[in-house]
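J.: On the provided structure of chain A, position chain B as indicated by the hints.
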Amino acid sequence: MKQVVILSGKGGTGKTSVAASLAHLASQDVSIVLADADVDAANLELVLAPKEMEQHTFSGGKEAIILPELCTACGRCLEACRFDAVLNENGVYRVDPIGCEGCASCFYQCPAGAIEMQDCASGLWFRSETRFGPLFHAHLYPGQENSGKLVSMVRQQASVWAAEHGADHVIIDGPPGIGCPVIAASGGVHLALLVAEPTVPGVHDLERVLATTEHFRIPAAVVVNKFDINLEQTAKIAAFCRSREIPLVACLPFDTVVTEAMVQGQPVTVFSEGAVSRELQRLWDALREMLAG
Amino acid sequence: MIITVASGKGGTGKTIVATSLALALMGADDDRVIGGRQLVFADCDVEEPNAALFLKPSLSEKRLVHLLVPVVDPDLCTHCGRCAEVCQYHAIAVVGEKVLVFRELCRGCGSCTLECPEGAIHEEPFAIGSVERGRAGSMTFVQGTMDVGLPLATPIIREVKRLALSRGQDRLAILDAPPGTACPVVESLRGSDYALMVTEPTPFGLHDLRLAVTVAHRELGIPVGVVINRDGIGDSGVEDYCRAEGIQILMRIPLDRRIAVAYSRGVPLLKALPAYGDKLLALYGRIVEEAAP
Numbered sequence: 148m149k150q151v152v153i154l155s156g157k158g159g160t161g162k163t164s165v166a167a168s169l170a171h172l173a174s175q176d177v178s179i180v181l182a183d184a185d186v187d188a189a190n191l192e193l194v195l196a197p198k199e200m201e202q203h204t205f206s207g208g209k210e211a212i213i214l215p216e217l218c219t220a221c222g223r224c225l226e227a228c229r230f231d232a233v234l235n236e237n238g239v240y241r242v243d244p245i246g247c248e249g250c251a252s253c254f255y256q257c258p259a260g261a262i263e264m265q266d267c268a269s270g271l272w273f274r275s276e277t278r279f280g281p282l283f284h285a286h287l288y289p290g291q292e293n294s295g296k297l298v299s300m301v302r303q304q305a306s307v308w309a310a311e312h313g314a315d316h317v318i319i320d321g322p323p324g325i326g327c328p329v330i331a332a333s334g335g336v337h338l339a340l341l342v343a344e345p346t347v348p349g350v351h352d353l354e355r356v357l358a359t360t361e362h363f364r365i366p367a368a369v370v371v372n373k374f375d376i377n378l379e380q381t382a383k384i385a386a387f388c389r390s391r392e393i394p395l396v397a398c399l400p401f402d403t404v405v406t407e408a409m410v411q412g413q414p415v416t417v418f419s420e421g422a423v424s425r426e427l428q429r430l431w432d433a434l435r436e437m438l439a440g
Numbered sequence: 024m025i026i027t028v029a030s031g032k033g034g035t036g037k038t039i040v041a042t043s044l045a046l047a048l049m050g051a052d053d054d055r056v057i058g059g060r061q062l063v064f065a066d067c068d069v070e071e072p073n074a075a076l077f078l079k080p081s082l083s084e085k086r087l088v089h090l091l092v093p094v095v096d097p098d099l100c101t102h103c104g105r106c107a108e109v110c111q112y113h114a115i116a117v118v119g120e121k122v123l124v125f126r127e128l129c130r131g132c133g134s135c136t137l138e139c140p141e142g143a144i145h146e147e148p149f150a151i152g153s154v155e156r157g158r159a160g161s162m163t164f165v166q167g168t169m170d171v172g173l174p175l176a177t178p179i180i181r182e183v184k185r186l187a188l189s190r191g192q193d194r195l196a197i198l199d200a201p202p203g204t205a206c207p208v209v210e211s212l213r214g215s216d217y218a219l220m221v222t223e224p225t226p227f228g229l230h231d232l233r234l235a236v237t238v239a240h241r242e243l244g245i246p247v248g249v250v251i252n253r254d255g256i257g258d259s260g261v262e263d264y265c266r267a268e269g270i271q272i273l274m275r276i277p278l279d280r281r282i283a284v285a286y287s288r289g290v291p292l293l294k295a296l297p298a299y300g301d302k303l304l305a306l307y308g309r310i311v312e313e314a315a316p
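Heads up: the protein sequence lines correspond to chains A and B, in order.
Every number in our numbering is 147 more than the matching position in the first sequence, counting from 1.
Every number in our numbering is 23 more than the matching position in the second sequence, counting from 1.
The following block holds chain A by itself, in its conformation from the complex (with noise of 0.2 Å):
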């Protein structure tokens, strides 16, 4: 069983329309598992029209608590805190959740034993089935944190699925940026494909979130969306993909088709067979063989 991971740096290149469209092509030649990490704005499941089959609660951190009742108000919890989640307020101390990153330190030191850790339900996280395969995606409360966590959550419960069931791979749908949830998502994969943009901001993107996955030795192939939007652009991205030997394995054309697809909930390979889809197609078969050798 191998994995493959979305990545992109730079938000809305295209990460979520690919992904959807690979699991539609993937499907019909392997078995796979899907999985969305992107915990925070999962998209996978508006073009997958997912079935929901399990769902559980993550709690993947704690929060303090102060109980007003024992609290002395001497004010340890908020020397100790470096976080500002500690407010004093006219006397009487509170932990901002918001600001409270878990870390028990105010716990620790309150003399009078008033603080309390408590379980913090950070978001849900599903088991799904699909017309590809079976997805496993979840859901972040809107502002939480852990969301590297769930993110792990979500890539362990897809490939102990996959590992049990004998699929052939692991097809992961990553979040945008390089920090803590794109590192969750794409540890220990066998190959992340990057989908980059034809801008000035999408190359500076790309070769940070490149830094990133070399700099945890994973393997990486580049596709370029909308590559026909700057020419001059695509062609620096391919010299740079040379330059570091890189496989840049398709460059898919702008077309309004693939929002068409997105609107009516489809991957834009099962909504139209023109231009788009057929490098996909071309993109799919390049992968299939990476992922095999």
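Because the hints were derived from the structure by calculation, they are not lab data.
Fair warning: this is a prediction, and the values are worked out from it, not measured in the lab.
Please note that the accuracy of each hint is not assured.
Claimed, not checked - In silico BS3-like links for lysine-lysine, alpha-carbon gap of 27 Å or less:
(1) Lys149(A) / Lys296(A)
(2) Lys294(B) / Lys79(B)
(3) Lys296(A) / Lys198(A)
(4) Lys79(B) / Lys383(A)
(5) Lys383(A) / Lys294(B)
(6) Lys302(B) / Lys79(B)
T.: Relative to chain A, chain B alone:
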């Protein structure tokens, strides 16, 4: 006044709107717009900072952002294991006669240092990124950059805001937030007077807009308004949602190839299409009205 530009979904045009809004305010010859205040632009997307590609600031000041991580004195340590017990992030482990510190997992809460009964732990700075300050025309420009391979964005965002918002009370600040709805977005939005949500009229845009509005408005109590970018694509979901929730659509930017091309070359919207100057100043006027209590 602090206006934070956010979106939920990535790639909807946050940076396009934020940079050109700032440029329009900088260029306004009507004294009442800025009114003697210092104009500040802060790029809070420290994983993939892009605003500098458009505003081309000259950066004169750079500081490293550090986390205080534990260092154990082997002569004083008795391997009692208290540090590992209190650490909520598994960043410190006691194995036999050795104490291992995993700096990449440490959040710098200082709990281990406070709890060590032997006083065997002191803290040393560990660089996780940097913040820079300079000028773009007459505005102050601040950005942060997270080091590749490290997970923690929020301490760098905190420093960006500290640096951007420190000089005096009398300023007008535009903050460009990262995508998503998790802790980096919360850190960017905290303390803002207004959250300007840039979205696209597609199912993905709507899904993530809802979550971002929940974070800004319901969790943090910040007034929100919407800019619809690439107006004309997709469907009417975003409009229906805004109408139902009573959220004002403050501006529409039609799908326009010239804007996409300018963006791909790193040219600000306002430079490519100066006619947007008045629209952006009108947008600012609406924000001021909406933000007023």
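J.: If a hint holds in the structure, say so; if it doesn't, say that too.
T.: Hint by hint, here is what the structure shows:
1. Taking the CA atoms of Lys149(A) and Lys296(A), the gap is about 21 Å. The hint holds against a cut of 27 Å.
2. With a CA separation close to 13 Å, the supplied pair Lys294(B) and Lys79(B) stays within the 27 Å bound.
3. Restraint check for Lys296(A) and Lys198(A): the C-alpha separation of about 24 Å stays at or below 27 Å, so the hint holds.
4. Between Lys79(B) and Lys383(A), the direct Cα distance comes to roughly 20 Å. Compliance with the 27 Å bound is thereby established for this hinted pair.
5. With a C-alpha separation of about 24 Å, the suggested pair Lys383(A) and Lys294(B) falls inside the 27 Å cut-off, and the hint holds.
6. Using a Cα cut-off of 27 Å, the hinted pair Lys302(B) and Lys79(B) holds, with the two alpha carbons roughly 23 Å apart.
The structure meets every hint from the earlier list without exception.
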